[in-house]
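Trainee: With chain A held as given, fit chains B and C onto it using these hints.
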Amino acid sequence: MTEEDATVKEPLDLIKLSLDERIYVKLRGDRELRGRLHAYDQHLNMILGEVEETITTIEIDDETYEEIIKTNKRAVPFLFVRGDGVILVSPPLRQ
Amino acid sequence: MLFYSYFKTLVGKQVTVELKNDLAITGTLHSVDQYLNIKLNNVHVVNEQKYPHMMSVRNCFIRGSVVRYVQLPPGSVDVELLHDATRREARG
Amino acid sequence: MADAGDVSQSARTPADFLKSIKGKPVVVKLNSGVDYRGILACLDGYMNIAMESTEEYVNGQLKNKYGDAFIRGNNVLYISTVKN
Chain A
1 MTEEDATVKE PLDLIKLSLD ERIYVKLRGD RELRGRLHAY DQHLNMILGE
51 VEETITTIEI DDETYEEIIK TNKRAVPFLF VRGDGVILVS PPLRQ
Chain B
96 MLFYSYFKTL VGKQVTVELK NDLAITGTLH SVDQYLNIKL NNVHVVNEQK
146 YPHMMSVRNC FIRGSVVRYV QLPPGSVDVE LLHDATRREA RG
Chain C
188 MADAGDVSQS ARTPADFLKS IKGKPVVVKL NSGVDYRGIL ACLDGYMNIA
238 MESTEEYVNG QLKNKYGDAF IRGNNVLYIS TVKN
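Chains as they are written, first to last, in our numbering: chain A, 1 to 95; chain B, 96 to 187; chain C, 188 to 271.
Take the hints with a grain of salt, since some may be wrong.
[Unchecked claim] Covered, in the sense of this in silico footprint (three residues per stretch, anywhere, with C-beta under 8 angstroms from a C-beta of chain A), are these stretches of chain B:
| hint | stretch |
| --- | --- |
| 1 | 161 to 168 |
| 2 | 178 to 185 |
[Claimed, not checked] List of simulated lysine-lysine pairs, DSS-like, C-alpha gap at most 25 angstroms:
| hint | chain 1 | residue 1 | chain 2 | residue 2 |
| --- | --- | --- | --- | --- |
| 3 | C | Lys-211 | A | Lys-9 |
| 4 | A | Lys-16 | C | Lys-211 |
| 5 | C | Lys-206 | A | Lys-9 |
| 6 | C | Lys-252 | A | Lys-16 |
| 7 | C | Lys-252 | A | Lys-70 |
| 8 | B | Lys-145 | A | Lys-70 |
| 9 | B | Lys-103 | B | Lys-145 |
| 10 | C | Lys-252 | C | Lys-216 |
| 11 | C | Lys-252 | C | Lys-209 |
| 12 | A | Lys-9 | C | Lys-252 |
| 13 | B | Lys-145 | B | Lys-134 |
| 14 | C | Lys-206 | A | Lys-16 |
| 15 | A | Lys-73 | C | Lys-252 |
| 16 | C | Lys-252 | C | Lys-270 |
| 17 | C | Lys-250 | A | Lys-73 |
| 18 | A | Lys-9 | C | Lys-216 |
| 19 | C | Lys-270 | C | Lys-216 |
| 20 | A | Lys-73 | B | Lys-145 |
| 21 | B | Lys-134 | B | Lys-115 |
| 22 | C | Lys-250 | C | Lys-211 |
| 23 | A | Lys-70 | C | Lys-250 |
| 24 | A | Lys-73 | B | Lys-115 |
| 25 | C | Lys-209 | A | Lys-16 |
| 26 | B | Lys-103 | A | Lys-16 |
| 27 | C | Lys-209 | A | Lys-9 |
| 28 | B | Lys-134 | B | Lys-103 |
| 29 | C | Lys-206 | C | Lys-216 |
| 30 | B | Lys-115 | B | Lys-145 |
| 31 | B | Lys-115 | A | Lys-70 |
Hint data in this document are derived by calculation from the structure and do not stem from the laboratory.
Even for Gly, the Cβ is constructed at its ideal location relative to N, Cα and C.
Here chain A stands alone, though its shape is the one from the complex:
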């Protein structure tokens, strides 16, 4: 690793520093992914490993008309994610 590799000069450097780390990805359609980043390109196409996908849906209760927020989770070993659905990427959940 040279010094250049460790600085954030352009936004994609943030992704570069997250290679082989667990990241959080927010996607269109109320979907979120958590997984290890194995590959990406300039479009934000990605391959993630040990992926957990969370899909959030809002249902309206028939009687009370209350909004019920439901989350569905599933695990996928390896997932290719097309970049055009990506909204936000955040490096390791360190808190």
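Mentor: Same frame as chain A, but now just chains B and C:
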């Protein structure tokens, strides 16, 4: 080019392609092009009850832009190779 | 050609504005209406954005915090500076 090259190594393997309209199709990867358009053979739809009109479809061409995810066969993912290729691509 | 070199007292073009706000607290609004408040680390020609100490606001309510965040440029409606 990274993902085009990678998908070419998956030709002949079974993958599940999930589309932006929530349709998920499993099949044998026949071919891929630079736009990540995908041709699948021996396809079946994951949720056939919901999409009965797809029952008779044996093979299909999927436009790359309608793909949300591709579930990859774990045995065909060499993570070290992907890390190296990604670093090379990021530099170029 | 206007004197684009002197941007010290006031930013003139959109590019000058973007150059001048690096390291400053900003609000980034996405097409979806979601707001991100944080420190602008850097951005590129696609309006891809790297932010630090980012807070996510949905309908004005704080929903999430991220140490670092990359926002894909195509989702960006605007970038605005904020006081303090």
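Trainee: All the hints need checking, so say for each whether the structure fits it.
Mentor: How the hints compare with the structure:
Counting residues of the stretch 161 to 168 of chain B whose beta carbon lies closer than 8 angstroms to any beta carbon of chain A gives 7, which meets the minimum of three for the stated coverage. By the rule of at least three residues with a Cβ nearer than 8 angstroms to a Cβ of chain A, the coverage given for the stretch 178 to 185 of chain B holds, with 6 such residues. About 15 angstroms separates the Cα atoms of Lys-211/C and Lys-9/A, which keeps this hinted pair within 25 angstroms; it holds. Taken as a hint, the Lys-16/A and Lys-211/C pair is honoured in the structure, with Cα atoms around 23 angstroms apart against an allowance of 25 angstroms.
Between the alpha carbons of Lys-206/C and Lys-9/A the distance comes to roughly 13 angstroms, so the proposed pair stays at or under 25 angstroms and holds. For a cut-off of 25 angstroms, the pair hint linking Lys-252/C to Lys-16/A stands: about 21 angstroms separates their Cα positions. This hinted pair checks out: Lys-252/C and Lys-70/A have alpha carbons roughly 21 angstroms apart, not beyond 25 angstroms. A threshold of 25 angstroms between alpha carbons decides the hint, and for Lys-145/B with Lys-70/A the separation of about 21 angstroms falls inside it, so the pair holds.
Simply put, Lys-103/B and Lys-145/B have alpha-carbon atoms about 31 angstroms apart, too far for the 25 angstroms limit, and the pair is violated. As the CA atoms of Lys-252/C and Lys-216/C are separated by approximately 16 angstroms, the hinted pair is consistent with the 25 angstroms bound. Between Lys-252/C and Lys-209/C the alpha-carbon distance is near 20 angstroms, which keeps this suggested pair within the 25 angstroms criterion. As the CA atoms of Lys-9/A and Lys-252/C are separated by approximately 22 angstroms, the hinted pair is consistent with the 25 angstroms bound.
With a CA separation close to 22 angstroms, the supplied pair Lys-145/B and Lys-134/B stays within the 25 angstroms bound. Pair hint Lys-206/C plus Lys-16/A holds up; C-alpha atoms about 22 angstroms apart against a cutoff of 25 angstroms. In summary, the hint linking Lys-73/A to Lys-252/C is supported, as the alpha carbons are separated by about 21 angstroms, within the 25 angstroms threshold. Distance restraint check for Lys-252/C and Lys-270/C: the Cα-Cα separation of roughly 20 angstroms lies within the 25 angstroms cut-off, and the hinted pair is therefore satisfied.
With a C-alpha separation of about 19 angstroms, the suggested pairing of Lys-250/C with Lys-73/A holds against the 25 angstroms cut-off. Between Lys-9/A and Lys-216/C, the direct Cα distance comes to roughly 22 angstroms. Compliance with the 25 angstroms bound is thereby established for this hinted pair. Only pairs whose Cα atoms come within 25 angstroms are accepted, and Lys-270/C paired with Lys-216/C is accepted, the gap being roughly 16 angstroms. For the suggested pair Lys-73/A and Lys-145/B, the alpha carbons sit about 20 angstroms apart, so the restraint of at most 25 angstroms is met.
Under the criterion of a C-alpha separation no larger than 25 angstroms, the hint pairing Lys-134/B with Lys-115/B is consistent with the structure, at around 17 angstroms. The suggested pairing of Lys-250/C with Lys-211/C holds, with an alpha-carbon distance near 22 angstroms, which does not exceed 25 angstroms. Proximity of Lys-70/A to Lys-250/C is assessed by CA-CA distance (about 16 angstroms); at most 25 angstroms being required, the pair is judged to hold. The hinted pair formed by Lys-73/A and Lys-115/B meets the criterion: a straight-line CA distance of about 18 angstroms does not exceed 25 angstroms.
The suggested pairing of Lys-209/C with Lys-16/A holds, with an alpha-carbon distance near 20 angstroms, which does not exceed 25 angstroms. Taken as a hint, the Lys-103/B and Lys-16/A pair is honoured in the structure, with Cα atoms around 24 angstroms apart against an allowance of 25 angstroms. Proposed proximity of Lys-209/C and Lys-9/A is supported: the alpha carbons are some 11 angstroms apart, at most 25 angstroms. Annotation: proposed proximity of Lys-134/B to Lys-103/B holds, straight-line Cα distance about 11 angstroms (limit 25 angstroms).
For the proposed pair Lys-206/C and Lys-216/C, the alpha carbon gap of about 18 angstroms is at most 25 angstroms, so the pair holds. Our distance criterion of 25 angstroms between C-alpha atoms is met by Lys-115/B and Lys-145/B, whose separation comes to about 16 angstroms. For the suggested pair Lys-115/B and Lys-70/A, the alpha carbons sit about 20 angstroms apart, so the restraint of at most 25 angstroms is met.
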